[in-house]
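Given these sequences and hints, build the entire structure.
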Amino acid sequence: MSPPAGPPGLLPLGLAYLRIGLTGFGGVNAWARQLLVEEKGWLTEQDYAETLGVAQVLPGPNALNCAIGVGARFHGAAGAAVCGLALFAGPMALLMGIAALYDAYGDLPWVRAVLTGIAAAAAGMVLGTAVKMAQKLRPGLPLLLVGLGALGMALARVPLPAVVLGLAPFGLLAAWWGLRR
Amino acid sequence: MSLLLQILLAFATLSLLAIGGANAVLPEMHRLLVEVHGWMDDATFSQLFALAQAAPGPNILAASVMGWHIAGPAGMAAATLGMLAPAAVLAWVMGGLTERLAGARWLKPAQFGLVPVAVGLIAASGVIMAGAAGTGWLSWAIIAASTLFVWRTGFSPLWVLAGGGVLGLLLL
Numbered sequence: 001m002s003p004p005a006g007p008p009g010l011l012p013l014g015l016a017y018l019r020i021g022l023t024g025f026g027g028v029n030a031w032a033r034q035l036l037v038e039e040k041g042w043l044t045e046q047d048y049a050e051t052l053g054v055a056q057v058l059p060g061p062n063a064l065n066c067a068i069g070v071g072a073r074f075h076g077a078a079g080a081a082v083c084g085l086a087l088f089a090g091p092m093a094l095l096m097g098i099a100a101l102y103d104a105y106g107d108l109p110w111v112r113a114v115l116t117g118i119a120a121a122a123a124g125m126v127l128g129t130a131v132k133m134a135q136k137l138r139p140g141l142p143l144l145l146v147g148l149g150a151l152g153m154a155l156a157r158v159p160l161p162a163v164v165l166g167l168a169p170f171g172l173l174a175a176w177w178g179l180r181r
Numbered sequence: 001m002s003l004l005l006q007i008l009l010a011f012a013t014l015s016l017l018a019i020g021g022a023n024a025v026l027p028e029m030h031r032l033l034v035e036v037h038g039w040m041d042d043a044t045f046s047q048l049f050a051l052a053q054a055a056p057g058p059n060i061l062a063a064s065v066m067g068w069h070i071a072g073p074a075g076m077a078a079a080t081l082g083m084l085a086p087a088a089v090l091a092w093v094m095g096g097l098t099e100r101l102a103g104a105r106w107l108k109p110a111q112f113g114l115v116p117v118a119v120g121l122i123a124a125s126g127v128i129m130a131g132a133a134g135t136g137w138l139s140w141a142i143i144a145a146s147t148l149f150v151w152r153t154g155f156s157p158l159w160v161l162a163g164g165g166v167l168g169l170l171l172l
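Read top to bottom, the protein sequences are chains A and B. Reading the first sequence from the start, the letters are residues 1 to 181 in the numbering used here. Reading the second sequence from the start, the letters are residues 1 to 172 in the numbering used here.
Don't take each hint at face value.
Said to hold, decoys possible - Some residues of chain B that are not near chain A, with every Cβ distance over 12 Å (derived): (1) Leu3; (2) Leu4; (3) Gln6; (4) Leu26; (5) Gly38; (6) Gln111.
Said to hold, decoys possible - These stretches of chain B come out as covered by chain A in the derived footprint (C-beta under 8 Å, 3 or more residues): (7) 69–77; (8) 128–137; (9) 158–169.
What the hints assert, rightly or not - If you want the footprint, here are the derived chain A segments under chain B, 3+ residues with CB under 8 Å: (10) 31–39; (11) 42–55; (12) 140–148.
Because the hints were derived from the structure by calculation, they are not lab data. Here a beta-carbon is modelled for each residue, glycine too, at the ideal position from N, C-alpha and C.
Written as C-alpha cells, this is what we have:
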C-alpha cells in the first residue's frame, strides 16, 4: 500500500471511476477499494472504510453513494457528479447494446435456452449469497427474527416500504441491545 | 398517466428503499413490474435480471435493462433516472456530513440493524428468482449447484453464470 498521494484532479478521478464501472463484475466495492486505496493512494484504508460505512447506511446503491462521497470529498458538487456519471457511463452503454440484442434475438430458441440457464444460475447465486451473508453475520436471536421477518414479508408480497419501515426499528433496537452487551 | 412517468415513479419508489443494493429490491421490483403493472412475465423478468448480473458494472442497472424492455431507450432513461436520482441526491446531501456521521454513535447500530433486513430481502429475491427460473429438473439442478458453489467456494460468481449458460445451450 502506498502512502496517500495529493488530491486527484477531476479528470483522473473521472477516469478512475470509468474504469471501476467497467471492471466491477458482480459488485463494484472491492474494485473501488483496490484502485482508490492501493493503486492510487488517494484515500487511506480508514477513509475508504468510513465512506463505505456511510454509503451502506444510506439508501440507494452503495457503489453510487460511495462514488458521490469520494467525488464530493475532493471536488464538491462537480466531483460528485463526475464520479457518479463515470461509474455508470460504461456499463450503461454496454447494457444498451445487450438490451437491444435481447429485443432482437430474445425469442430464438437457443438464445432462450442459454438465458434460462443463466437465469437459473443467477437465482442460485443470489440464494448462495444470502446463505453466505447470514452465516458470516452469525446473528443472535433478535436479529435472526428480523431477517426472517423480512424474508417472510417479501415472499408474502408485502410492499417494500412497509417491510423496511416496519422492521427497521426492531433491527436498530436489536443491534443496539446486542452491541451494548 | 403516461407510461414513461409510470416507469419513473415505479423505480423512484424503489430508489430510497434500496438498502443492501439491487438484490434486496428485487422482490419489490418483481411485485411492481410483473404483478402490479403486468409489464413482463416471470421468465422475461428473471432473464433480464440475469443479463444485468452477467454484465459488468453495478447490479442496480437491472433497472435500466427492464426499462428498455418496457419502453425502449426512453424507458431505459426513465427507469435509470428513477432508480438513481433520489438516492444520489440524498447521498450528496448527507455526503457533507460524512465526517461527523462516521464517528456518530448510532452509525454502528444502524449498520448492524439494517443488515439482517437486507439479507432477508436478498434471500427472498433468491426464492422468487428460483421460482421464476425453475422450469424443469435441469434448471432446478443448475439452481442447486450454483447455490452450493457460491456458498461454499470463493470463486467469482461469473463462472456460475457462464456454466449455467453453457448447460442451458447444451441441454435445454
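Results of checking the hints against the structure:
1. Leu3: holds, 16 Å
2. Leu4: holds, 16 Å
3. Gln6: holds, 16 Å
4. Leu26: violated, 8 Å
5. Gly38: It holds; Gly38(B) is separated from chain A by about 15 Å at its closest Cβ, greater than 12 Å.
6. Gln111: violated, 6 Å
7. 69–77: Since three or more residues must qualify, the claim that chain A covers the stretch 69–77 of chain B holds, with 3 doing so at under 8 Å.
8. 128–137: holds (count 7)
9. 158–169: Answer holds; 10 residues pass the 8 Å Cβ test.
10. 31–39: violated (count 0)
11. 42–55: As far as the stretch 42–55 of chain A goes, the hint holds, because 5 residues have Cβ atoms under 8 Å from chain B.
12. 140–148: As far as the stretch 140–148 of chain A goes, the hint holds, because 5 residues have Cβ atoms under 8 Å from chain B.
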